[in-house]
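Chemist: With the sequences and hints as input, model every part of the structure.
The lines below spell out each chain.
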Amino acid sequence: MRDALRAVFLRDILQAWRRRADWLTTFFFFIIVVSLFPLGVGPEPAILRVIAPGILWVAALLASMLALPRMFASDYTDGTLEQLTLAPQPLSLLVLSKIVAHWLLTGLPLVLMGPLLGLQFGMAPDMLPVLFYSLLLGTPCLSLIGAIGAGLTLGVRGSGVVALLVLPLYIPVLIFGSGAVEAVGVGTAPGGHLSLLGAVLMISLVVSPLASAAAVRVALE
Amino acid sequence: MLEARDIACLKGSRWLLRGVALRVEPGEVLWIEGRNGSGKTTLLRMLCGLTPPDEGVIQWVGQPIVDAGEAYRRELLYLGHANALKDDLTLEENLRSAMQIAGRTARSDEFDEVLAQCGLIDRRELPVRVLSQGQRRRVALSRLWFPDAPKLWILDEPFAALDVESVQRLSDRLGRHLDGGGMAVLTTHQEVALPAGRTQRLRLDA
Chain A
1388 MRDALRAVFL RDILQAWRRR ADWLTTFFFF IIVVSLFPLG VGPEPAILRV IAPGILWVAA
1448 LLASMLALPR MFASDYTDGT LEQLTLAPQP LSLLVLSKIV AHWLLTGLPL VLMGPLLGLQ
1508 FGMAPDMLPV LFYSLLLGTP CLSLIGAIGA GLTLGVRGSG VVALLVLPLY IPVLIFGSGA
1568 VEAVGVGTAP GGHLSLLGAV LMISLVVSPL ASAAAVRVAL E
Chain B
257 MLEARDIACL KGSRWLLRGV ALRVEPGEVL WIEGRNGSGK TTLLRMLCGL TPPDEGVIQW
317 VGQPIVDAGE AYRRELLYLG HANALKDDLT LEENLRSAMQ IAGRTARSDE FDEVLAQCGL
377 IDRRELPVRV LSQGQRRRVA LSRLWFPDAP KLWILDEPFA ALDVESVQRL SDRLGRHLDG
437 GGMAVLTTHQ EVALPAGRTQ RLRLDA
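As you go down the protein sequences, you meet chains A and B in turn. In short: position in the first sequence from 1, add 1387, done, that's this note's numbering. In short: position in the second sequence from 1, add 256, done, that's this note's numbering.
Check each hint, because a few of them may be wrong.
Facing chain A, according to a computed beta carbon distance under 10 Å, are these residues of chain B, among others [stated by the list, open to error]:
hint, residue
1, Gly290
2, Arg291
3, Gly293
4, Leu306
5, Thr307
6, Asn339
7, Asn350
8, Ile357
9, Ala358
10, Ser388
FYI, nobody ran anything at the bench for these hints, they're computed from the structure. The beta-carbon is built from N, C-alpha and C at its ideal position, and this holds for glycine as well.
Modeler: Okay, structure coming up:
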């Protein structure tokens, strides 16, 4: 069982490593979107400091959405998903392995880069750790929720569909995530927002593998 | 033993398959024939449990495959049209992960032996991207050569794209599998010498 989960995970990581350009797109998209705002809004430090948490979070959300179609698409066309479905292990756990790999490749770089970009916006030092933790709790939610959308839209033409599908579910993550950072900005404790984010993570950790596996099964029928 | 009764499949408003019955005992191979679009692949996918039949039941040793679940999937090896190989990984990496996902961790010396038997040993370090269609098929099929292979093989066009030598090697392997009490269900358009006396034929468009 553990061998199979590890095999799925390592294969996705290794494949991504051999095709680095694909995954770096997500990362650079995040950096570019965030960097464009000062140019568009104007270089007023007071304004930028206020809107920074929102910008960083919206950019992280869009970047993570950009990577979603890749979660199952190649496995679907090359027959790997059939083999995963017919493996003795529960499909939901194998799918969870894929989601974890996907998060490491697309979510974790955003978590690490977020505080650095926050610094660029002149965010207060006590906001940066909160930004880090909110991204650390929030981006896995995005990958988990996104997996359901990616599974449901397998075989559907046009990658915009997945965005429409997952966007409503992403909104709570966005609100709690940027809310936590903004709370520090106005001098209140971010604990409440982070706890809610943690709760969303726990719920999606339980629901998403089962729902994504069911979606994949339906797509293969 | 694999048994199916009154299998039907509805595609849109048309019956693709209707009243299909089959039974495969240990040591037997079932050869499904039919023209393109007669539902061969659909039937194979139903036998695997990928597609639920619209009517009828499929049983593995007397138990519906839906209920048998993991126990059935452990005994099953399905190779579809798609080879399930990743272009960017090497032949060996592909095979190793495919085996692990199927729940069988093979040893290194077993890999050497299997790849040698399948004539792929000198290509083990190459990414699958550079292999020809026939070689990719052989890589996917090489899973059949590992010791303690699953009991039931469901193979969709296993002989397609293979050269004469590989066709011979695969039918020999199939013969040994049946000798060992294994079962197989396959589709093919080629005339292949399958073990006489143990081959059933099922025509879908008759």
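Chemist: Next, verify each hint and record whether it holds.
Modeler: Results of checking the hints against the structure:
1. Gly290: Where the cut-off is 10 Å and the nearest Cβ of chain A is about 21 Å from glycine 290 of chain B, the hint is violated.
2. Arg291: violated, 23 Å
3. Gly293: violated, 18 Å
4. Leu306: For leucine 306 of chain B, the interface hint holds, since the closest Cβ of chain A sits about 5 Å away, which is under 10 Å.
5. Thr307: Holds. Min distance 5 Å.
6. Asn339: holds, 6 Å
7. Asn350: This hint holds: asparagine 350 of chain B lies near chain A, its Cβ roughly 8 Å from the closest one there, short of 10 Å.
8. Ile357: holds, 5 Å
9. Ala358: holds, 6 Å
10. Ser388: With a minimum Cβ separation of about 16 Å from chain A (threshold 10 Å), the hint on serine 388 of chain B is violated.
Against the hints set out earlier in the document, violations occur for numbers 1, 2, 3, 10.
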